[in-house]
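Number of protein chains: 2
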Amino acid sequence: MRIITIGREFGSGGRELGKRLADTLHIPCYDRQIIEEVAKLHGLAPDHVERISEADIRTIYPMTIGRRFYAAPMINEDRVKIAVSQQEVIKKLARQGDCVIVGRCADIILRDMHPLNLFVYADEDSKVARCLERAENGETRKMILQQMRKIDRDRAAFHELLTDKKWGEKETYHLCINTSGKEIKQLIHALAEYARHWFDSQEEKM
Amino acid sequence: MRIITIGREFGSGGRELGKRLADTLHIPCYDRQIIEEVAKLHGLAPDHVERISEADIRTIYPMTIGRRFYAAPMINEDRVKIAVSQQEVIKKLARQGDCVIVGRCADIILRDMHPLNLFVYADEDSKVARCLERAENGETRKMILQQMRKIDRDRAAFHELLTDKKWGEKETYHLCINTSGKEIKQLIHALAEYARHWFDSQEEKM
Chain H
1 MRIITIGREF GSGGRELGKR LADTLHIPCY DRQIIEEVAK LHGLAPDHVE
51 RISEADIRTI YPMTIGRRFY AAPMINEDRV KIAVSQQEVI KKLARQGDCV
101 IVGRCADIIL RDMHPLNLFV YADEDSKVAR CLERAENGET RKMILQQMRK
151 IDRDRAAFHE LLTDKKWGEK ETYHLCINTS GKEIKQLIHA LAEYARHWFD
201 SQEEKM
Chain P
207 MRIITIGREF GSGGRELGKR LADTLHIPCY DRQIIEEVAK LHGLAPDHVE
257 RISEADIRTI YPMTIGRRFY AAPMINEDRV KIAVSQQEVI KKLARQGDCV
307 IVGRCADIIL RDMHPLNLFV YADEDSKVAR CLERAENGET RKMILQQMRK
357 IDRDRAAFHE LLTDKKWGEK ETYHLCINTS GKEIKQLIHA LAEYARHWFD
407 SQEEKM
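Chains H and P are the protein sequences, given in the same order. Take 1 as the starting number for the first sequence in the working numbering and just add one per residue. Take 207 as the starting number for the second sequence in the working numbering and just add one per residue.
Okay, chain H solo, but in the shape it has when bound:
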């Protein structure tokens, strides 16, 4: 099975990269579909699931930040259910065949399937520019930066609940791709080749 996971900084183009890479390799890319399946399982609206699963996940495991637990217990049953279901959905999708999975700690959740783990990053100016392109009216650089920092902080916190491998540190991944000043589509052919060779050499060893 050839599973590619994509960790990414907010605004780095990781989602687009995952989609394009999957298209080039003629395999599915799972991103929004994970949310939709989880929502269906629990009879919740996809937007509600997305909002919850993107929020600071630490609040569902208050034992890891003890003082906060005592100060304001924030266990939310929806969140626990969603986190557990998300793992199950990711495993189910991965078992169906080769695929790309964007975010959601798939690198850790699927580690027994030996995925190729990519991390996509960029410098702050590039990320802000990318966000501004798709921003709604009135979003400012300052607002985007705040959102970016919060989301990346939440992603790191979520990752660190599942593993001692740090989110965003190169040691956690097989290849780290800087998209600063680049259009994603320019990198795809080379990445697809990289992935093909990486899996070929993996299979030779087995």
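Fair warning: there could be bad hints in the mix.
[Stated by the list, open to error] Simulated pairs of lysine-lysine, DSSO-like, Cα-Cα distance not exceeding 30 Å: (1) Lys142(H) <-> Lys91(H); (2) Lys165(H) <-> Lys391(P); (3) Lys298(P) <-> Lys182(H); (4) Lys185(H) <-> Lys356(P); (5) Lys287(P) <-> Lys297(P); (6) Lys182(H) <-> Lys287(P); (7) Lys372(P) <-> Lys225(P); (8) Lys391(P) <-> Lys372(P); (9) Lys356(P) <-> Lys182(H); (10) Lys166(H) <-> Lys388(P); (11) Lys165(H) <-> Lys388(P); (12) Lys287(P) <-> Lys170(H); (13) Lys297(P) <-> Lys356(P); (14) Lys182(H) <-> Lys371(P); (15) Lys142(H) <-> Lys166(H); (16) Lys348(P) <-> Lys246(P); (17) Lys376(P) <-> Lys165(H); (18) Lys81(H) <-> Lys165(H); (19) Lys298(P) <-> Lys388(P); (20) Lys391(P) <-> Lys182(H); (21) Lys391(P) <-> Lys170(H); (22) Lys185(H) <-> Lys287(P); (23) Lys297(P) <-> Lys348(P); (24) Lys185(H) <-> Lys298(P); (25) Lys166(H) <-> Lys150(H).
[Claimed, not checked] According to the in silico footprint, chain H covers these stretches of chain P (three or more CB under 8 Å from chain H): (26) 227-233; (27) 344-356.
What the hints contain is simulated information worked out from the structure, not anything from laboratory work. Built from N, CA and C at the ideal position, the CB exists for glycine as well.
Following the hints, position chain P against chain H.
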């Protein structure tokens, strides 16, 4: 001009990767040749130059670590001469045409030429295994680990003298390649493709 620089952790296979990548792209790879040219310029033995240029370079710029300067001035004329010549040789070689340059802060020295900057790394076990393969009789894992840490520390220190971009941090590079458990030659074709596309998109922008 298409210049590729390679930063690398000791034992990660960065030197081999540079050589193979250059061969695949049919361009020269400069590594030992830099040392030889510097040695010739100063009428020194290449081994002496190599030893000096790999030593803790901070000792040639004691002003950056003030207390050490006063405690034990360690300016060594050979070292200063060699560091300066090395930069000149690297610039001269790069101006001759497309090439790969391994180590020696070429990413910083050549920044005005817009090189593609790669960083090659691996987990400790892989690096030790790679070193043991080529080790002389009697070298132990412990000795290799000590050497590895010292050399990487020196490389980081050298890099930080020239720039505030940190050696080994992904933000400093365009692509970071984890060679753990891989043979270098398995990654070369994909990397060569990556480099070609990266430069193509760079030239489109100009």
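Any hints from earlier that this structure breaks? Give me their numbers in increasing order, please.
1, 4, 6, 9, 12, 16, 19, 22, 23, 24, 26, 27
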